[in-house]
Each structure stands twice: as structure tokens, then as C-alpha cells.
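Asks: Sequence:
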Amino acid sequence: MNTIDIRTVNVVQYLNPLREGGSLPAIVKADDGFLYVLKFRGAGQGKKALIAELLGGELARAIGLKIPELVFMNLDDSFSKTEPDEEIQDLLKFSVGLNLGLHFLSSAITYDPLVFEVDAMTASKIVLLDSIISNIDRTVKNTNLLYWNKELWVIDNGASFYFHHNWSTWENHLTRTFPLIKDHVLLKSAANLKEASTHITNTLNKDKIKEIISLIPEDWLENESDALSPNEIRAAYETYLNAKLNMIDELVKEAEDAR
Numbered sequence: 547m548n549t550i551d552i553r554t555v556n557v558v559q560y561l562n563p564l565r566e567g568g569s570l571p572a573i574v575k576a577d578d579g580f581l582y583v584l585k586f587r588g589a590g591q592g593k594k595a596l597i598a599e600l601l602g603g604e605l606a607r608a609i610g611l612k613i614p615e616l617v618f619m620n621l622d623d624s625f626s627k628t629e630p631d632e633e634i635q636d637l638l639k640f641s642v643g644l645n646l647g648l649h650f651l652s653s654a655i656t657y658d659p660l661v662f663e664v665d666a667m668t669a670s671k672i673v674l675l676d677s678i679i680s681n682i683d684r685t686v687k688n689t690n691l692l693y694w695n696k697e698l699w700v701i702d703n704g705a706s707f708y709f710h711h712n713w714s715t716w717e718n719h720l721t722r723t724f725p726l727i728k729d730h731v732l733l734k735s736a737a738n739l740k741e742a743s744t745h746i747t748n749t750l751n752k753d754k755i756k757e758i759i760s761l762i763p764e765d766w767l768e769n770e771s772d773a774l775s776p777n778e779i780r781a782a783y784e785t786y787l788n789a790k791l792n793m794i795d796e797l798v799k800e801a802e803d804a805r
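Residues 547 to 805 in this note's numbering are what the sequence shown spells out, letter by letter.
None of these hints come from the bench; they were simulated from the model.
Take the hints with a grain of salt, since some may be wrong.
Stated by the list, open to error - Here are the in silico distance ranges between beta carbons for each label pair: (1) T628 / L726: 37 to 45 Å; (2) D729 / Q559: 17 to 25 Å; (3) D551 / K627: 16 to 24 Å; (4) I655 / A781: 34 to 42 Å; (5) E615 / S714: 33 to 41 Å; (6) S714 / S652: 42 to 50 Å; (7) R722 / R805: 30 to 38 Å; (8) D551 / T685: 28 to 36 Å; (9) T785 / G610: 33 to 41 Å; (10) R553 / K627: 38 to 46 Å; (11) T785 / T685: 25 to 33 Å.
As the list claims (entries may be wrong) - Straight-line alpha carbon distances no greater than 25 Å define the calculated DSS-like cross-link-like pairs of lysine-lysine that follow: (12) K734 / K627; (13) K799 / K752; (14) K728 / K639; (15) K687 / K594; (16) K612 / K575; (17) K728 / K612; (18) K687 / K627; (19) K752 / K740; (20) K740 / K728; (21) K575 / K627; (22) K734 / K612; (23) K612 / K756; (24) K594 / K734; (25) K734 / K696; (26) K740 / K799; (27) K734 / K687; (28) K754 / K687; (29) K754 / K612.
Virtual Cβ for every residue (Gly too), placed ideally from N, Cα, C.
Input sequences plus hints: build the corresponding full structure.
Replies: Shown next as C-alpha cells:
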């Protein structure tokens, strides 16, 4: 039984696109009255980016990091009909159905390592989580972190789990470390990696991982180009995450050496 409850809301108003990155997320209003950053299933990396966003976000939340609420968002076909911009029109058309939204943190500012200090434990947890989920996109160029209400918030995990773009070779990734951690924006601040690793392994047990993976909507796992069935894909994510947690000492050493 799931203890994580992800709400489903309906998009009632498309407000404006966020022209950062290639996927054109947008600020939208939902029928619960709140604003969300909507990630589209019809964008470049498609449903796999939404899966990475969902898994990365809920894993981060499980280990005590700050993450905006994630919601499933229903988008109907009425929005593409009234959108004048052709690129956005196509995106809306290809995204009819279930998408993913992050609660919009009004007036949040992008984390800048030269301006804000991060405590060593928070930095260490984020660095190790990004090693575990192979997140290639938390660098000085693109921090994917927000500063809001005097706290650091983790956003944009869609570039994680990049092995899932080619299921025929996914098992090759089970024993790999994550050398790209050397470019992580928080690496210098991550002085508590060993302590953070203990917290992570105590929290992310097999049941918790299974529960988070069970949140993935079935139709996000259905791609004609994938060689695996939805159940096999769920099992692959589980195998991958458990393998990474079993080698967390190696990931700690790699990050410490990179520091």
C-alpha cells in the first residue's frame, strides 16, 4: 500500500512557457487554484523525462530534501486549439493526457553558489542522490536548485536515469559509478558524504524504492520503441536503484576523490 499520495489535477489555464532548456515547460493553473510548472509528455525526451522527474523527486523527498509538491496533471485537447504559437501548439497537442507538474514556488531564485551557502549535510545528500540516479544536470551552468523561503529546493531531475533511453544496454550501467559527479555544483560543500550515505541507505530500503517506482503511471511505461514491458521496466528501475545503493561506498569514495 502506498503511503505517498500524488494528487491528480486538471489544467484549466495555460499561462506562459518557460523558455529555459529544450523542453518548454510552462506555468499553468490547475482546478485546485494553484499554479504549477507543467512538464509535458510531448516534449523532447517524452515520457521518460517525466519518469525521471517523478522518481528523482520522490527519492529526494524520501531522504529529507526539499522538493515542490509533484502532481499528475490532466491536459485536454482544448488548449492547443487556442494557442497561436505553432511550436507550443504542437507540444500541447502531443501532450494530451497525463503529464507531471511541480508546485510553482513564487518568487524563488535560482541557486547561485557564489551567493548562497548550503549546509554540508544537505549538499552531501544531493550529491549522493545525483550519483545514484545518474543525474547529469546539476552543474554550475545549470544548477536546477532554487532558493525559496531561505531554504534550498531541488527541482528538475528529468535528465536522470539516462540509461532508460536505451533499454537494450541498461544492464551495463548496474556496476558503473558516476564520474560526472566531478562537475556537480554542490561538490565543494559536500563535506558529510559518509554520514549522508548512512542516512540514505537507512531510508531507501527495498520497500521504499518499490513504492516510489509503483507511482509511475502505466501509460508512461508504454512505448512502442521499448523492448521491455511496463512490468519489466519497473523491475529494471528497482534493480538499478538497489544496485546503486549496494555500491554507495564506491560512490562516496568517487565523490570524495573528486572533491
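Asks: Which hint numbers does the structure go against, in order from smallest to largest?
Replies: Hints 2, 3, 7, 9, 10, 12, 14, 18, 24, 28 not satisfied by this model.
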